[in-house]
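Undergrad: Listed below are the residues making up each chain.
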Amino acid sequence: MINYEANISSYETISTLGQCFEGMAVVHLSKHIKSGTLVAVKRFNMDRIKQEAHLVEREIILTRQLQHPNIITYYVAFVHLQEVCVVSPLMAFGSCRDLLNTHFNDGFPEAAIVLILRDVLDALEYIHKKGFIHRSVRAGHILISATGKAYLSGLRYACPIVFNGRWQKQIHSFPASTARNLNWLSPELLEQNLQGYNQKSDIYSVGMVICELANGAEPFAGVATTLMLTEKVRGCVPELLDCTTIPTDENSDCHGDCDISNTVVSRRFSDDLHELATLCLQKEAIIRPTASQLLTHPIFKLTKKPLFLPDLLKPAMPLSSRVAAHIDEVTNLDVAQQFADMELYSCEWDF
Amino acid sequence: MDNKMCNITQSDSDDQENISENEVELTNRVFEVNSEDLRPLFLQESHLSDHQLLDEDEPFWPNALDDLDGVNINNFFHRVSSDQVIYQAKKRLKMIGKYVMGDLLGEGSYGKVKEMLDSDTLCRRAVKILKQRKLRRIPNGVQNVEREIKLLKSLKHKNVISLVDVLYNDEKQKMYLIMEFCVGSLQGMLESTPSKKFPFFQAHGYFTQLVDGLEYLHSKRVVHKDIKPGNLLLTLEGVLKISDLGVAETIDFFANDDTCVQGQGSPAFQPPEIANGLDSFPGFKVDVWSSGVTLYNFVTGQYPFEGDSIYKLFENIGKGDFTIPGDIEDPLRSLLWGMLQKEPEERFSLQQIRQHLWFSKRPPLTEAPVPIPPLRNDEFHCMTVLPYLFDHYYDTSDTASNLQYFTQRQLNEEIMKREAEQNNGNAQPNQSSKRRWKKPISCIAVRKLPGCKQS
Numbered sequence: 001m002i003n004y005e006a007n008i009s010s011y012e013t014i015s016t017l018g019q020c021f022e023g024m025a026v027v028h029l030s031k032h033i034k035s036g037t038l039v040a041v042k043r044f045n046m047d048r049i050k051q052e053a054h055l056v057e058r059e060i061i062l063t064r065q066l067q068h069p070n071i072i073t074y075y076v077a078f079v080h081l082q083e084v085c086v087v088s089p090l091m092a093f094g095s096c097r098d099l100l101n102t103h104f105n106d107g108f109p110e111a112a113i114v115l116i117l118r119d120v121l122d123a124l125e126y127i128h129k130k131g132f133i134h135r136s137v138r139a140g141h142i143l144i145s146a147t148g149k150a151y152l153s154g155l156r157y158a159c160p161i162v163f164n165g166r167w168q169k170q171i172h173s174f175p176a177s178t179a180r181n182l183n184w185l186s187p188e189l190l191e192q193n194l195q196g197y198n199q200k201s202d203i204y205s206v207g208m209v210i211c212e213l214a215n216g217a218e219p220f221a222g223v224a225t226t227l228m229l230t231e232k233v234r235g236c237v238p239e240l241l242d243c244t245t246i247p248t249d250e251n252s253d254c255h256g257d258c259d260i261s262n263t264v265v266s267r268r269f270s271d272d273l274h275e276l277a278t279l280c281l282q283k284e285a286i287i288r289p290t291a292s293q294l295l296t297h298p299i300f301k302l303t304k305k306p307l308f309l310p311d312l313l314k315p316a317m318p319l320s321s322r323v324a325a326h327i328d329e330v331t332n333l334d335v336a337q338q339f340a341d342m343e344l345y346s347c348e349w350d351f
Numbered sequence: 001m002d003n004k005m006c007n008i009t010q011s012d013s014d015d016q017e018n019i020s021e022n023e024v025e026l027t028n029r030v031f032e033v034n035s036e037d038l039r040p041l042f043l044q045e046s047h048l049s050d051h052q053l054l055d056e057d058e059p060f061w062p063n064a065l066d067d068l069d070g071v072n073i074n075n076f077f078h079r080v081s082s083d084q085v086i087y088q089a090k091k092r093l094k095m096i097g098k099y100v101m102g103d104l105l106g107e108g109s110y111g112k113v114k115e116m117l118d119s120d121t122l123c124r125r126a127v128k129i130l131k132q133r134k135l136r137r138i139p140n141g142v143q144n145v146e147r148e149i150k151l152l153k154s155l156k157h158k159n160v161i162s163l164v165d166v167l168y169n170d171e172k173q174k175m176y177l178i179m180e181f182c183v184g185s186l187q188g189m190l191e192s193t194p195s196k197k198f199p200f201f202q203a204h205g206y207f208t209q210l211v212d213g214l215e216y217l218h219s220k221r222v223v224h225k226d227i228k229p230g231n232l233l234l235t236l237e238g239v240l241k242i243s244d245l246g247v248a249e250t251i252d253f254f255a256n257d258d259t260c261v262q263g264q265g266s267p268a269f270q271p272p273e274i275a276n277g278l279d280s281f282p283g284f285k286v287d288v289w290s291s292g293v294t295l296y297n298f299v300t301g302q303y304p305f306e307g308d309s310i311y312k313l314f315e316n317i318g319k320g321d322f323t324i325p326g327d328i329e330d331p332l333r334s335l336l337w338g339m340l341q342k343e344p345e346e347r348f349s350l351q352q353i354r355q356h357l358w359f360s361k362r363p364p365l366t367e368a369p370v371p372i373p374p375l376r377n378d379e380f381h382c383m384t385v386l387p388y389l390f391d392h393y394y395d396t397s398d399t400a401s402n403l404q405y406f407t408q409r410q411l412n413e414e415i416m417k418r419e420a421e422q423n424n425g426n427a428q429p430n431q432s433s434k435r436r437w438k439k440p441i442s443c444i445a446v447r448k449l450p451g452c453k454q455s
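Each protein sequence line maps, in turn, to chains A and B.
By full-length UniProt numbering, the letter at position 294 of the first sequence is numbered 294, and the numbering carries on one by one without gaps.
By full-length UniProt numbering, the letter at position 419 of the second sequence is numbered 419, and the numbering carries on one by one without gaps.
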């Protein structure tokens, strides 16, 4: 067991992996100097976060509370100057969103989706049992490790189901700073009425993630938020795009954007996967299955020999094997960091 | 029937002072009677004021061409009897900045409160709409609002209503204070029950939140001065929000103590020092007193002091004699005594309240809590913005079979019915009827008289 020190000097930054939290946090690929292991260091710039500081706090506390093989772990969290740094294991394939952007613009193959989904549902089953609702299940919050295991992250939007020592039947709180998660959120959560929502809201998001992983983009991507809301309230059920759902005749103009590639039109997802998505995306939360019930769905019964996710994700390569080739980027990083710091001066003074 | 003749949309006229609580945009449509004989011409979309629409027997077409003398006028205009002029209740989308306007939630002291939806975050909001012209008529109206805005911007606490945004419309002379969305006030909940009171555990839940919020306000040197159930709002989550800081006072940073000189709150909740007309009094203890009256009201459904007129009321408060019903037992009884002490110096402080036995011990769940009463028959308080969005995105006018059309005659009858109801002193809005219309402008505007009853 490696002891990860709560000190930034113990980690050598190699490169920037990406940004999160609307650009207010940076994820660096770093090397833990003593052990030589690669880790991800997420650095929240608290000067820029201001109002949402409690979200960062909540994410760290909750992530450290939860222990599950499919939920991201934080080795250590500490404060360095104006930043809160969080050290976590390196997720070599990055998030599912990254993979969709770089290698799978039209979506993952079904086998990969099923493997990812099972891990996500395992994590959700655990989170729900622990009395929390995740509220931001989306491809961007599903990370894939070098061994092909999916990890759920993004717990800063989660909320407890237990209040005053009582398990609440409905939750009414509308997550703060959730603008980027809106497309994945369930109709009952978005409606914000006295009926409230419960953990089934996450199941709706799982349905959205199935569509996102299969189609390459989440349903309602690029649609006005208000239209997305009315569509969901009216009970519009998004679909997986394949030969069964895309009308073949040229005349139908219900798909105005004609950039659907041939691979999408000709592919075919199994009936099981279609069924799984529609089960999750039912408007009535009561009839939506729970995470545990979904895990008993026939699609997860692996009759054939188990598949290995990294094989399915080719040509995407895990980061650890790419690092060697990009080690010269380190020098550029300092410059990039300087540019990032300069932004500090442009922010308005607020007395 | 050929219905493509004229589509007159009535504009939301802001000049009216006396419009009913539910603004419904009316779309006027004219249906052709004898389409074989007469050909409709030169009918354009135009705007009519409410007044014209309601007073004309005949549809009013302002675009008449007056230089066409020798032409048979019937070729251009044909008579349409008034029962052919129909109106359609329509929810037209209205945006204020990034916010989508919804229905009326209530009337504040300075103007309407409506629901809004933030189109970026899809978060429900409430908006207080203030008309500059109206504000100027209220003594200290403009100053109070400016002070309230400044004050709300500096406050941030779970139990104090937060101001999200302020928008101005210089053209319409309107101000929009966008706030957190709340489903209702404790006053409304109390009124919805037959006993007009809360079970102990529910009263305890609200009272502890009230004390939390007050403690914060006092730490910021703010005296609220108008604590009452009507100013305590609840969010969907059941979190209490102290609202309406219109008469709140901020104690000067360099002041020696919390001395205040003005009391502007609701009479029934005023402490003896204000009722007796003292020149100055300790401010924080005013809020303790009002919270005491509020708690008394929560658990008994009554007020400790009453009076037929404001003078009688103040006389009774000034004496400071009151009784607590026998069914209120001790820890609570002594808490009420402590909070309703006539002398501010003897009255409990917030710290004493917090340390009190009743405060620290949560009463058992004995009965079902009082629920939030429905809003216009909607027990779930659904987003009222949705119908406007539906109308905007989907052409409901053609598909919806339940769309209602009304003729001038029906409209007039409706208006007369409403007027009759009001004359009978039965001014309750007709809950069952889905159609509600703008009241016609009458010459005599009946203003609500200020009474002792809390608003």
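Heads up, some of the hints might be wrong.
[Said to hold, decoys possible] Heads up, simulated DSBU-like pairs for lysine-lysine below, C-alpha to C-alpha not over 35 Å straight-line: (1) Lys130/A with Lys156/B; (2) Lys156/B with Lys50/A; (3) Lys50/A with Lys98/B; (4) Lys150/B with Lys50/A; (5) Lys134/B with Lys169/A; (6) Lys283/A with Lys91/B; (7) Lys129/A with Lys417/B; (8) Lys361/B with Lys131/B; (9) Lys319/B with Lys169/A; (10) Lys131/B with Lys130/A; (11) Lys172/B with Lys283/A; (12) Lys94/B with Lys283/A; (13) Lys169/A with Lys130/A; (14) Lys112/B with Lys169/A; (15) Lys129/A with Lys91/B; (16) Lys50/A with Lys131/B; (17) Lys172/B with Lys134/B; (18) Lys169/A with Lys417/B.
FYI, nobody ran anything at the bench for these hints, they're computed from the structure.
Undergrad: Run every hint past the structure and note whether it holds.
TA: Evaluated hints:
In summary, the hint linking Lys130/A to Lys156/B is supported, as the alpha carbons are separated by about 31 Å, within the 35 Å threshold. For the proposed pair Lys156/B and Lys50/A, the alpha carbon gap of about 13 Å is at most 35 Å, so the pair holds. Between Lys50/A and Lys98/B, the direct Cα distance comes to roughly 23 Å. Compliance with the 35 Å bound is thereby established for this hinted pair. With a CA separation close to 20 Å, the supplied pair Lys150/B and Lys50/A stays within the 35 Å bound.
Pair hint Lys134/B plus Lys169/A does not hold up; C-alpha atoms about 45 Å apart against a cutoff of 35 Å. Between Lys283/A and Lys91/B, the direct Cα distance comes to roughly 25 Å. Compliance with the 35 Å bound is thereby established for this hinted pair. A distance of roughly 57 Å separates the Cα atoms of Lys129/A and Lys417/B; the hinted pair therefore is violated under the 35 Å criterion. Between Lys361/B and Lys131/B the CA atoms are separated by roughly 46 Å; this puts the pair beyond 35 Å, and the hint is violated.
In summary, the hint linking Lys319/B to Lys169/A is not supported, as the alpha carbons are separated by about 48 Å, beyond the 35 Å threshold. Between Lys131/B and Lys130/A the CA atoms are separated by roughly 50 Å; this puts the pair beyond 35 Å, and the hint is violated. This hinted pair does not check out: Lys172/B and Lys283/A have alpha carbons roughly 41 Å apart, beyond 35 Å. Taking the CA atoms of Lys94/B and Lys283/A, the gap is about 28 Å. The hint holds against a cut of 35 Å.
Of the pairs offered as hints, the one joining Lys169/A and Lys130/A holds, with about 15 Å between alpha carbons and a cut-off of 35 Å not exceeded. Restraint check for Lys112/B and Lys169/A: satisfied, since their Cα atoms lie roughly 34 Å apart, inside the 35 Å limit. Between Lys129/A and Lys91/B, the direct Cα distance comes to roughly 44 Å. Violation of the 35 Å bound is thereby established for this hinted pair. Simply put, Lys50/A and Lys131/B have alpha-carbon atoms about 34 Å apart, close enough for the 35 Å limit, and the pair holds.
With a CA separation close to 12 Å, the supplied pair Lys172/B and Lys134/B stays within the 35 Å bound. Between Lys169/A and Lys417/B the CA atoms are separated by roughly 44 Å; this puts the pair beyond 35 Å, and the hint is violated.
The structure fails hints 5, 7, 8, 9, 10, 11, 15, 18 (numbered hints given earlier, in ascending order).
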